[in-house]
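Peer 1: Sequence:
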Amino acid sequence: MKYFFWFLLLVHSTFALELKGKALLEYSIFAIDIYEISYYANNDNTHVKLELLYKRDIDRDISKQGWQVGLEKNDIDLSKRQKEFEWIMSHTPNLKEGDRFVISIKNNTVEFICNDKTLGVITDENLAKLVLLPWLGPKPISEKIKSSLLGLNS
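Just so we're aligned, residue 1417 is where the sequence shown starts under my numbering, counting upward by one.
Hints listed in this document are in silico derivations from the structure and should not be mistaken for laboratory results.
Yeah, the Cβ is synthetic: ideal placement off N, Cα and C, and Gly gets one too.
Heads up, a few of these hints could be off.
Simulated crosslink set (DMTMM-like; lysine to aspartate or glutamate; CA at most 20 Å straight-line) [what the hints assert, rightly or not]:
{"id": "1", "residue 1": "K1480", "residue 2": "D1491"}
{"id": "2", "residue 1": "K1438", "residue 2": "E1452"}
{"id": "3", "residue 1": "K1499", "residue 2": "E1488"}
{"id": "4", "residue 1": "K1533", "residue 2": "E1467"}
{"id": "5", "residue 1": "K1512", "residue 2": "D1532"}
{"id": "6", "residue 1": "K1436", "residue 2": "D1460"}
{"id": "7", "residue 1": "K1499", "residue 2": "D1477"}
{"id": "8", "residue 1": "K1471", "residue 2": "E1442"}
{"id": "9", "residue 1": "K1480", "residue 2": "E1527"}
{"id": "10", "residue 1": "K1438", "residue 2": "E1513"}
{"id": "11", "residue 1": "K1555", "residue 2": "E1442"}
{"id": "12", "residue 1": "K1436", "residue 2": "E1559"}
{"id": "13", "residue 1": "K1533", "residue 2": "D1475"}
{"id": "14", "residue 1": "K1438", "residue 2": "D1449"}
{"id": "15", "residue 1": "K1471", "residue 2": "D1532"}
{"id": "16", "residue 1": "K1522", "residue 2": "E1434"}
{"id": "17", "residue 1": "K1465", "residue 2": "E1541"}
{"id": "18", "residue 1": "K1545", "residue 2": "D1460"}
{"id": "19", "residue 1": "K1512", "residue 2": "E1452"}
{"id": "20", "residue 1": "K1522", "residue 2": "D1460"}
{"id": "21", "residue 1": "K1465", "residue 2": "E1452"}
{"id": "22", "residue 1": "K1533", "residue 2": "D1473"}
{"id": "23", "residue 1": "K1545", "residue 2": "E1488"}
{"id": "24", "residue 1": "K1555", "residue 2": "D1493"}
{"id": "25", "residue 1": "K1480", "residue 2": "E1452"}
{"id": "26", "residue 1": "K1560", "residue 2": "E1452"}
{"id": "27", "residue 1": "K1471", "residue 2": "E1452"}
{"id": "28", "residue 1": "K1480", "residue 2": "E1467"}
{"id": "29", "residue 1": "K1499", "residue 2": "D1540"}
{"id": "30", "residue 1": "K1480", "residue 2": "D1493"}
{"id": "31", "residue 1": "K1555", "residue 2": "D1491"}
{"id": "32", "residue 1": "K1489", "residue 2": "E1502"}
{"id": "33", "residue 1": "K1489", "residue 2": "E1559"}
{"id": "34", "residue 1": "K1512", "residue 2": "D1475"}
{"id": "35", "residue 1": "K1480", "residue 2": "D1515"}
{"id": "36", "residue 1": "K1471", "residue 2": "D1515"}
Here are the simulated distance ranges between beta carbons [unchecked claim]:
{"id": "37", "residue 1": "E1513", "residue 2": "N1459", "range": "31 to 41 Å"}
{"id": "38", "residue 1": "G1482", "residue 2": "K1545", "range": "12 to 22 Å"}
{"id": "39", "residue 1": "K1438", "residue 2": "K1512", "range": "12 to 22 Å"}
{"id": "40", "residue 1": "L1552", "residue 2": "R1516", "range": "14 to 24 Å"}
Build the full structure now, drawing on both the sequences and the hints.
Peer 2: Following this line, the structure appears as C-alpha coordinates:
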(Lines of atoms letter the chains of each structure in order from A and count residues from 1; the text may use other names and numbers.)
(Lines give C-alpha, C1' and ligand atoms only; values in the text may rest on other atoms or scores of the structure.)
Protein backbone atom coordinates (compact mmCIF):
# COMPACT_ATOMS: atom_id res chain seq x y z
CA MET A 1 0.00 0.00 0.00
CA LYS A 2 2.87 2.36 0.84
CA TYR A 3 4.28 1.94 -2.69
CA PHE A 4 0.92 2.75 -4.21
CA PHE A 5 0.88 6.16 -2.47
CA TRP A 6 4.44 6.87 -3.66
CA PHE A 7 3.35 5.94 -7.18
CA LEU A 8 0.35 8.29 -6.96
CA LEU A 9 2.59 11.08 -5.69
CA LEU A 10 5.02 10.52 -8.58
CA VAL A 11 2.21 10.47 -11.16
CA HIS A 12 0.67 13.63 -9.69
CA SER A 13 3.97 15.52 -9.70
CA THR A 14 4.66 14.49 -13.30
CA PHE A 15 1.28 15.46 -14.72
CA ALA A 16 0.05 18.26 -12.44
CA LEU A 17 0.46 21.79 -13.72
CA GLU A 18 2.38 24.08 -11.41
CA LEU A 19 2.37 27.87 -11.50
CA LYS A 20 5.82 28.98 -12.67
CA GLY A 21 5.25 32.72 -12.73
CA LYS A 22 2.91 35.69 -13.28
CA ALA A 23 3.17 39.11 -14.88
CA LEU A 24 1.07 42.10 -15.84
CA LEU A 25 1.06 43.40 -19.41
CA GLU A 26 0.71 47.17 -19.48
CA TYR A 27 0.44 49.43 -22.51
CA SER A 28 1.81 52.92 -23.18
CA ILE A 29 3.54 55.43 -20.96
CA PHE A 30 0.32 55.58 -18.94
CA ALA A 31 0.76 51.93 -17.88
CA ILE A 32 -2.74 50.86 -18.90
CA ASP A 33 -3.37 47.33 -17.58
CA ILE A 34 -4.19 44.94 -20.44
CA TYR A 35 -4.01 41.49 -18.85
CA GLU A 36 -2.46 39.48 -16.07
CA ILE A 37 -0.66 36.48 -17.49
CA SER A 38 0.25 33.27 -15.66
CA TYR A 39 2.47 30.44 -16.89
CA TYR A 40 1.93 26.84 -15.78
CA ALA A 41 3.89 23.69 -16.62
CA ASN A 42 4.21 20.13 -15.46
CA ASN A 43 7.58 18.69 -14.41
CA ASP A 44 8.62 17.47 -17.86
CA ASN A 45 7.08 20.39 -19.82
CA THR A 46 4.86 18.08 -21.87
CA HIS A 47 1.87 20.15 -20.73
CA VAL A 48 2.11 23.92 -20.44
CA LYS A 49 -0.42 26.69 -20.45
CA LEU A 50 -0.62 30.45 -20.47
CA GLU A 51 -3.63 31.99 -18.77
CA LEU A 52 -4.48 35.60 -19.58
CA LEU A 53 -6.98 37.39 -17.35
CA TYR A 54 -8.14 40.51 -19.19
CA LYS A 55 -8.31 43.80 -17.30
CA ARG A 56 -10.12 45.63 -20.14
CA ASP A 57 -12.01 44.96 -23.36
CA ILE A 58 -9.75 44.12 -26.31
CA ASP A 59 -11.10 43.82 -29.86
CA ARG A 60 -9.95 40.71 -31.72
CA ASP A 61 -8.34 42.88 -34.42
CA ILE A 62 -6.04 44.35 -31.76
CA SER A 63 -5.25 40.84 -30.49
CA LYS A 64 -4.49 39.72 -34.04
CA GLN A 65 -2.07 42.62 -34.44
CA GLY A 66 -0.44 41.57 -31.18
CA TRP A 67 0.01 38.02 -32.45
CA GLN A 68 1.54 39.28 -35.68
CA VAL A 69 3.98 41.62 -33.93
CA GLY A 70 4.91 39.00 -31.30
CA LEU A 71 5.63 36.33 -33.89
CA GLU A 72 7.46 38.57 -36.35
CA LYS A 73 9.59 39.94 -33.51
CA ASN A 74 10.80 36.35 -33.04
CA ASP A 75 11.92 36.23 -36.69
CA ILE A 76 8.98 34.10 -37.79
CA ASP A 77 8.30 34.49 -41.52
CA LEU A 78 4.51 34.35 -41.47
CA SER A 79 4.37 33.67 -45.21
CA LYS A 80 6.09 30.33 -44.44
CA ARG A 81 3.82 29.65 -41.46
CA GLN A 82 0.56 30.66 -43.12
CA LYS A 83 -1.39 27.57 -42.00
CA GLU A 84 -0.41 28.02 -38.36
CA PHE A 85 -0.93 31.79 -38.44
CA GLU A 86 -4.40 31.39 -39.98
CA TRP A 87 -5.34 28.93 -37.23
CA ILE A 88 -4.32 31.45 -34.57
CA MET A 89 -6.20 34.27 -36.33
CA SER A 90 -9.39 32.25 -36.78
CA HIS A 91 -9.44 31.27 -33.09
CA THR A 92 -8.62 34.67 -31.60
CA PRO A 93 -11.76 36.09 -29.95
CA ASN A 94 -12.98 39.50 -28.89
CA LEU A 95 -12.13 39.76 -25.21
CA LYS A 96 -14.00 41.57 -22.46
CA GLU A 97 -12.82 42.75 -19.07
CA GLY A 98 -12.77 39.73 -16.77
CA ASP A 99 -12.41 37.16 -19.58
CA ARG A 100 -9.96 34.32 -19.04
CA PHE A 101 -8.16 33.24 -22.22
CA VAL A 102 -6.03 30.09 -22.03
CA ILE A 103 -3.47 28.71 -24.44
CA SER A 104 -2.87 25.08 -23.52
CA ILE A 105 -0.24 22.86 -25.13
CA LYS A 106 -0.17 19.19 -24.23
CA ASN A 107 2.48 17.34 -26.20
CA ASN A 108 1.80 18.90 -29.63
CA THR A 109 -1.92 19.55 -29.14
CA VAL A 110 -2.79 23.23 -28.93
CA GLU A 111 -6.08 24.35 -27.39
CA PHE A 112 -7.45 27.89 -27.17
CA ILE A 113 -10.03 28.32 -24.39
CA CYS A 114 -12.03 31.40 -23.40
CA ASN A 115 -14.00 31.36 -20.14
CA ASP A 116 -13.85 27.53 -20.00
CA LYS A 117 -15.20 27.18 -23.56
CA THR A 118 -12.94 25.54 -26.13
CA LEU A 119 -12.47 27.79 -29.16
CA GLY A 120 -10.28 25.37 -31.08
CA VAL A 121 -8.07 22.31 -30.71
CA ILE A 122 -5.45 21.09 -33.16
CA THR A 123 -2.49 18.75 -33.05
CA ASP A 124 0.31 20.53 -34.89
CA GLU A 125 3.96 20.45 -33.86
CA ASN A 126 4.80 23.70 -35.66
CA LEU A 127 1.90 25.56 -34.07
CA ALA A 128 2.84 24.19 -30.64
CA LYS A 129 6.29 25.75 -31.10
CA LEU A 130 4.87 29.11 -32.25
CA VAL A 131 2.10 30.04 -29.83
CA LEU A 132 4.24 30.82 -26.78
CA LEU A 133 6.89 32.81 -28.67
CA PRO A 134 5.38 36.27 -28.07
CA TRP A 135 5.83 35.81 -24.30
CA LEU A 136 8.53 33.15 -23.89
CA GLY A 137 10.47 33.20 -27.16
CA PRO A 138 14.02 34.45 -27.71
CA LYS A 139 12.65 37.94 -28.46
CA PRO A 140 9.56 38.31 -26.25
CA ILE A 141 7.27 41.32 -26.13
CA SER A 142 8.94 42.08 -22.79
CA GLU A 143 12.03 40.54 -21.17
CA LYS A 144 10.60 41.50 -17.78
CA ILE A 145 7.39 39.57 -18.49
CA LYS A 146 9.33 36.56 -19.77
CA SER A 147 11.53 36.52 -16.66
CA SER A 148 8.50 36.83 -14.38
CA LEU A 149 6.66 34.02 -16.17
CA LEU A 150 9.68 31.73 -15.88
CA GLY A 151 9.96 32.56 -12.18
CA LEU A 152 13.33 34.30 -12.58
CA ASN A 153 12.24 37.51 -10.79
CA SER A 154 12.26 36.71 -7.11
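Peer 1: Each hint should be assessed against the structure and marked as holding or not.
Peer 2: How the hints compare with the structure:
no.: 1; hint: K1480 x D1491; result: holds (17 Å)
no.: 2; hint: K1438 x E1452; result: holds (7 Å)
no.: 3; hint: K1499 x E1488; result: holds (15 Å)
no.: 4; hint: K1533 x E1467; result: holds (13 Å)
no.: 5; hint: K1512 x D1532; result: holds (14 Å)
no.: 6; hint: K1436 x D1460; result: holds (13 Å)
no.: 7; hint: K1499 x D1477; result: holds (18 Å)
no.: 8; hint: K1471 x E1442; result: holds (10 Å)
no.: 9; hint: K1480 x E1527; result: holds (17 Å)
no.: 10; hint: K1438 x E1513; result: holds (18 Å)
no.: 11; hint: K1555 x E1442; result: holds (18 Å)
no.: 12; hint: K1436 x E1559; result: holds (16 Å)
no.: 13; hint: K1533 x D1475; result: holds (18 Å)
no.: 14; hint: K1438 x D1449; result: holds (14 Å)
no.: 15; hint: K1471 x D1532; result: holds (17 Å)
no.: 16; hint: K1522 x E1434; result: holds (14 Å)
no.: 17; hint: K1465 x E1541; result: holds (15 Å)
no.: 18; hint: K1545 x D1460; result: holds (16 Å)
no.: 19; hint: K1512 x E1452; result: holds (13 Å)
no.: 20; hint: K1522 x D1460; result: holds (11 Å)
no.: 21; hint: K1465 x E1452; result: holds (14 Å)
no.: 22; hint: K1533 x D1473; result: holds (18 Å)
no.: 23; hint: K1545 x E1488; result: holds (14 Å)
no.: 24; hint: K1555 x D1493; result: holds (14 Å)
no.: 25; hint: K1480 x E1452; result: holds (18 Å)
no.: 26; hint: K1560 x E1452; result: holds (13 Å)
no.: 27; hint: K1471 x E1452; result: holds (7 Å)
no.: 28; hint: K1480 x E1467; result: holds (17 Å)
no.: 29; hint: K1499 x D1540; result: holds (10 Å)
no.: 30; hint: K1480 x D1493; result: holds (16 Å)
no.: 31; hint: K1555 x D1491; result: holds (8 Å)
no.: 32; hint: K1489 x E1502; result: holds (18 Å)
no.: 33; hint: K1489 x E1559; result: holds (13 Å)
no.: 34; hint: K1512 x D1475; result: holds (8 Å)
no.: 35; hint: K1480 x D1515; result: holds (17 Å)
no.: 36; hint: K1471 x D1515; result: holds (8 Å)
no.: 37; hint: E1513 x N1459: 31 to 41 Å; result: holds (34 Å)
no.: 38; hint: G1482 x K1545: 12 to 22 Å; result: holds (18 Å)
no.: 39; hint: K1438 x K1512: 12 to 22 Å; result: holds (21 Å)
no.: 40; hint: L1552 x R1516: 14 to 24 Å; result: holds (19 Å)
The structure is consistent with each of the numbered hints, conforming to all of them.
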